[in-house]
Structure formats: C-alpha cells, structure tokens
Amino acid sequence: MRTRFKKVLAALAGGLMLAATAAFANPAPTAQPAPAATPATAPAAPGKPAATSTADHSKFEALRQNFKTGPEVTKACLSCHTEAAKQVQHTKHWTWDYTNPQTGQRLGKKNLINNYCTSTISNEKDCMACHAGYGWKDASFDFSNEQNVDCLVCHDTTGSYRKLPGDAGHPIYERKEFPHGSGKFVEAVDLQKVAQKIGKTSRTTCGACHFFGAGANGAKHGDLDSSLQNPGKYLDVHMDKAGLNFTCATCHSTSSHQVAGSRYAMDAAPKGAAHIRGKADDKPASCQSCHGNRPHPEKMGKLNDHTAKVACQTCHIAEYARTPIGSELSWDWSKATTMGPDGKPMAAKDSAGRRAFDSKKGQWVWDSYLVPEYRWFNGEFTYKTYRDKIDPSQTLEINHPGGAPGQADSRIWPFKVHRGKQPYDTENLNLTVQHTAGEDDTALWHNYDWQKAIAKGMQTVGLPFSGKFDFVSTEMYWPITHMVAPKGDALQCQQCHGENSRLKGITGIYMPGRDRNPIVDAIGWGVVGLAFLGSLVHGLVRIVAYRRNRRNGQ
Amino acid sequence: MTRFIAGIVAGAALFALLAWNMAGSLMFTERESPFSVEETVARIQQNIQATGKGWSLSGLRNAAKPIEAAGGNVLPVLMIEACSTQYSAPILKNDDIRFLSNLMPCKISVYKKSDGKVYIGMMNARLIGRLFGPEVGALMEQVAEDQAGFVKFDPSKPAPAMIKGTPGGGGESGGSGGAAGGC
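Chains as they are written, first to last, in the numbering used here: chain S, 1 to 554; chain Y, 1001 to 1183.
Quick list of in silico lysine to aspartate or glutamate cross-link-like pairs, EDC-like style, CA-CA up to 20 Å: (1) Y:Lys-1113 with S:Glu-499; (2) Y:Lys-1113 with S:Glu-373; (3) Y:Lys-1157 with S:Asp-342; (4) Y:Lys-1117 with S:Glu-373; (5) S:Lys-487 with Y:Glu-1068.
Since the hints were derived computationally from the structure, they do not count as laboratory data.
Note that the coordinates shown come from a computational prediction; the quantities given were computed from them, not determined experimentally.
Just chain Y, same shape as in the assembly:
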C-alpha cells in the first residue's frame, strides 16, 4: 500500500514538474514566416484591418530601438499591437477581470533570428483564456480564431506597405498613443 501511494505521489510530482516545464512554451506559439520582417508585418497588419469584428491596429513598436540607442545590437523585433473593442469591452466592463487589461492590446511579434529566418511569435490566447473562467475563455476562444487568420498569408497578393507608427500618436519606436487604435 505504501508503495502504491508513493507511486501516485511520485507520478503526480513528475506530472507537475512536466507541466511546470512546458507551461511557458504552451503559453506562446512561434512559427516561421516566408517573408521579410517588414513584409510579414505589413501582411499581418493588412489581415488585421480586413478582419472586422472591431479589430484595429493600435501601434507598431520596435523593441530593438532602445537597445540600439544604448549602443547595442539586436536583430529586428517589431511588435504589432492590435485590439478589438468587441472583445475588450466585456473584459474592461467587468470589475472582476479588469486586471486582464494587462494583456491588452494583443501583440504579435515579428522577429529575425541569427539563422537569418523570420519568425512570428504570438500568445496562445485560447489556453490563457481558459485559465480565467468560462466568460474570458469564450471570448479568448474567438480572439484565438481571429489571430489564426492574422497570420494566414496569400503569397499571390502583392506586398502591402508596412504601416509605421501608432495610429493617433506615438512612433515606430513606441512611446505614447494607441488610443485611436480602439483599446
């Protein structure tokens, strides 16, 4: 009997350890892009604007800029910020879950790695949503569906121009603004 209980405890501990190790990678997704950083950003921006459902661009931040200003080099990292009032409003209206405003606006980062390839990094909205109950889970389920559409590309379409800066304020390197973007 003791051996049986010990086995269960050991199994549970092993499961917890595995979950702890994998949680980080499950929370975020990463995929390779067939386009350059700028074109990837531009195509995602175009997709976001075409999605409807209250989605709009909140800004484009260049996370590498402050490091360059401090004299260092990092490969380009551009963060597209987007928000949908359709999904943000129910969360922001509810006092119990307003703290989730920390996750707003949605960010999709596009970056190059030292292998020379371009990658797209996103939060796993579906999984994270489930952690906060059924209401948030249902909303984030829809966000996840929309997000999947943001990164579907049609190579036969010409490359659109990248939208620099933040609509209604701020700049490419970020700073202020975002109000006009919907969140």
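The shape of chain S in the complex, shown without the other chains:
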C-alpha cells in the first residue's frame, strides 16, 4: 500500500515538473508586436545556392557584352575555357568525319549518303543548322578556326537558342520569317542572355538535333523524338522524369568533349560484369556497363543465358516510336517535283498530322508503335557511299549490318529499317549527290529540276554525272536502343519462341517453339505412337482375356 502511494506521489511530482518545464520553455504569446525577423547586428546566414554550378556566368565580365555574332560569344568563352574549342575540333560533332578503324571506311555526315535528305554536301547552308559550328557553307569552311566552334548550341539552358536552315550554322541574329513565305516569324536570339546562362548539356540541347534529324520530329531514328524531353516511365524507364530522370549525358558520358556511344563505332556484344561507380568505362553507353551481362536474378537464370545471343534491347524495347509522334518508315524521292492539280507545288499531311507529301521532297510513310525488324549484328555497318558502284536491280542496303550466327561478337538486334527510293546515275551506276537546298537556280527545292540539282551535287563532290538518272529502292538500318520499357513490358517467351514469331526471319539458331528438328520430331511422335499402340494392345489383351475367362466359366 505504501509502495503504491509512493508511486502515485512520484508520478504527480513528475507531472508537475514536466508542466513547469513546458511552461517556461514556451511562454504564452502576448499582444506585443513581433520583433524584427533578423536583428541588424546578427551575422547573415549563408543563402541556399541558386544552382549546383560553382560559377555564375552572368557575373563574368567577358560575358557582359552586347554580342552581335556567335563567334564573338565563342571568343569570350575561350578566354576562360582555353582548351574547349581544341577538344571540340577533335570530335565528330565538329568534323562530321570519321574513319572506321575496322574497315577503313570514311564515315560521318561529311562523307555518307542516306535515304532521308541524302547528303549534306552542296547543301551545307541548310544542314549546318545542326553543326556545332558557325559558317560552314561550303568546302572553304575553316575547321581550324576556334572561334567557329559553337559553344551555345550544346550548353544553352534557356531554350531560346535557335539555328535555322539556310544560315550555315549561325543562330538567328535578326527577326525573320520562317519558313519563308509562311507568315510565321522567329525572334532573334539574345546572345548575351544565352551566354550568361550556359550550363550542362540537356535533353533539349541534344534533342534539338537528334530528335529532329531528317527534318521532322522523330523522322530518323525511331527511338529518338521530342517525347523523350519529358517522358513517362512507360516510354523510357531510364529517362522517366519522375523516376531515374537520366539525361542523354548520363549514358553518353563525355570526356574532353568526346561523347560516348556512337552508331559508327558500336559494340553489339559488350561483355563482363556491371562497372562500379567511378571506374573508367570506355563503353558507358551500353546496357551492360550498368547491368552487367547476367542482369536477371539467378532464379531466372535461363534469361541470363539469352545474353550470349540476344541484345538486351531485343526484349526490352518490344516496340519503338511509342507515341503518336511516330517515325518515318519510307521516303520516296521519285515522287518529288510532282505538282498539284493546278500545276503548282503542293504539300499534304497524313491522318496524324505528319508530313506525307511535298512537291519539293517526295512522299513519306509514317507509323507509330512499331515492331522492330531483327538481324544478327556485330556492331559494324558497311556503308554504300556515292563513290561505290551499285546494282539497281536489287534493293540497295545503304548500310549493311555485319554479324552472323555463331560469331562471338554478334547478337540478335532490333532495327528500324527505313526504306526509300532515291536517285542514281544509270550510266555510272552510283548514287547521286543532289543540290536540294538553297535559293539558286540549281537547287531542287527552288526550281524542281532534277538534272540541274544532280549535276550541281556531283560537281561539288567531284564525280562525273552522265546526265541520266533513275530511282533505286534503298534500305537503311537504325539500331534501336532508346525508349527502354519497364521490365514488365519486356517481350514474353512466345513472342519469339512461337511459330510465326517476330524472330521468324532470324536464321542460324535453333529456337525451341519456333523451330522443328525432324529427328527430334520423329522420336517424339514415335514415342507417342508406341505409347498409344501399347495402350491399345494392352486393352485388347485385357478384353480377349476377359471374354476367354467368361467362356471358360472362370
């Protein structure tokens, strides 16, 4: 009883002490005016940094200028970043020239021909809207001039820096109508503002060219379009804005302005375990660099075995162009110069609002949510250039994906195959370069005259033109590697292993469910037949034995 009394007394004392402490610690509010938020004598608390960068470029004297041209901005940039231009000048973004060390072929936009816009040569003033430089309008361009390097096109953070076709890579210096005759105007770029707000590359800066290749959103790659600017998880599990939020540079990491992960030098079968953070990685733009080549849990070991033959992209990008933007499937140049019923140039769009026809350029076919085509691929393309002889009776592969079943460096890869018709010289049997863009009399988009356009293009590359041309069917392969879907949307077994599956064209590999081996089939059916026969005979014996026994009165 006494113990209980002591406990109650202690509890009361404790409660009183607690109440007193609370009362003194938090005095009741009074009607007096609130004191000033920060006394004048108190030391100022450090503010939260406005950005993660350690430099505020708007405070740099060199950038507080009323810049008139892009090269003036570059000169200011180089006053601090002394080596930047030299580095850029060693990249493909600058040279548009690349020699494949394996094949010795000269690649890059400067040398290749494709089945979209065909060639940059003789069309530089337009095409160089996507060159990281200023002033490349013809072969006289000075590649050694550091001030010709365009820093802003990759490092703009304002989203206001624009380069238009026709200006040889210069940004818009004066308000102008674009497209010509459209009544729409584009404002001049505020170079000072852009220069003072430069930062890291972004989806916007990379996408300004790579989303809009071939002159339209999503036209070229199939797995790159403006939907990746702000994608949901369904579209790209890595770039999901609310999730991992990768930028392009997260995978295409850059050193000395050399951007990793080029189509010209691919590794179709990277090997080894995932790389640890911080480890130097010569192929960061591969699935394997983060996921390793046994990426699935060991209880799903069979899936890991697939990595020896199948690229990750094959299962994890079941469809590409998975938005209504879609991608271009074909470009038929043979329809170019066809005029409307009134004899004037015309243009038309498809049901989804994408370009479908233009008298300047020909006819296009688009679609979205596309099932890739599959090929064995070892990462190497062999290109047909305008210098190579062609066989116009066959569909011409502009780039042939190397690789074969059984090769250690080959995997089954998904591709977008872009088909088209484009001009070739019927006498010399080579693809032609044509002068399309421009306002001069030889430009196809100005005078609609193929003869003049091809003659000018071939003259520019220094090759003969017989004066006779026709159109050849072509195919171009684009490996699909972006727009990786969530794991739940990867291909299911039967989508590859069933009869008439999406891999029905893949040869040189035995795929259970898809393929049949006559010997295995014969053995299997033989066993089934024997089992059936055995049951039949056994049943018959039982019936005969039963009747015999009955007859014998047993």
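Got chain S; can you put chain Y on it based on the hints?
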C-alpha cells in the same frame, strides 16, 4: 427409349455448350485494316460524318493512355464513339428498353496487335439487337447496315485528318463530353 432421351439431352447439352463458347465471338467482329491506326480512325470518322441519318461523332478515346500514365505499355487502342439520334431517340424514349443506353454511344475500336497489323473491332449490332425484341431488332438492323458502311474504305481517296478529342468537350484520352455528339 431411355437411350433416345439420353441422346437428346446430351445433344442439347452439347449445343448449349457450343453456343456458350461461341456467343462471345459472335457478339463482336474483328477485321484487319490496310491503313495505320490513325488513318483507319480518320477514314472511319469521315465515313460516319458522311453517312447522315443523324450520325455524328461523340468522341475519340485512347484506351492506352491511362495504362501509359500508370507506367505500362500497351499497343495503341483508339475508340471512336458515334451516335445517331435517329436510332437512339426511340430507345431512350421507351422506359422498357432505356437500359440499352448502356450500349450508347456506338463504339468502333481501332487497334494494333503485336503482329504489327491494325484491326477494327465492332459490336455485332444485328445479333445483339435481336436479343431485345422486334423493335430494338429492327433499329439495330439499320445500325448494323450503317456500321458496315463506316468501315468501307476507298484507298484512292487521300487520307483525311484524324479528328482528335471529343466534339464539345473532353479530350483524346476521354473523360467528359460527348453531349455535342448527339447522344
């Protein structure tokens, strides 16, 4: 005699089982389209608008959108909604069959399958109509005739633009609206 009755019962049971199995597929039809999803939708929309007889578009819903918003992938599925006041009014005026408003507006879905081909799916208005008596049957007979015209395409005609969203409200992904579409 017992064997005879047993045979009849077994036959009836077999028939019922077959009917049960086939009923689902009979209620709906599916056919391949030679065009892309968007062009198929646009051509159907154009046909609906050209039909007259009170037909108008009520909306276009993208059934894949909510799944994409939830982080998943499905191939495109667009549902064209259309209604004809000529056929809906008699049904909606009759208390006994007003519950059939559940079937309104008429839907035609256009979708892609994993074979990469585009398909058109529709309700078998003729068969369903017959289930609800002669009055509804006669109306739905005419609906079925009109529906058959919606999916007749003339490839020589240029592709029309797809009409996005719902006339008078709503959006491509659906949600509200449809009032201006007639039903």
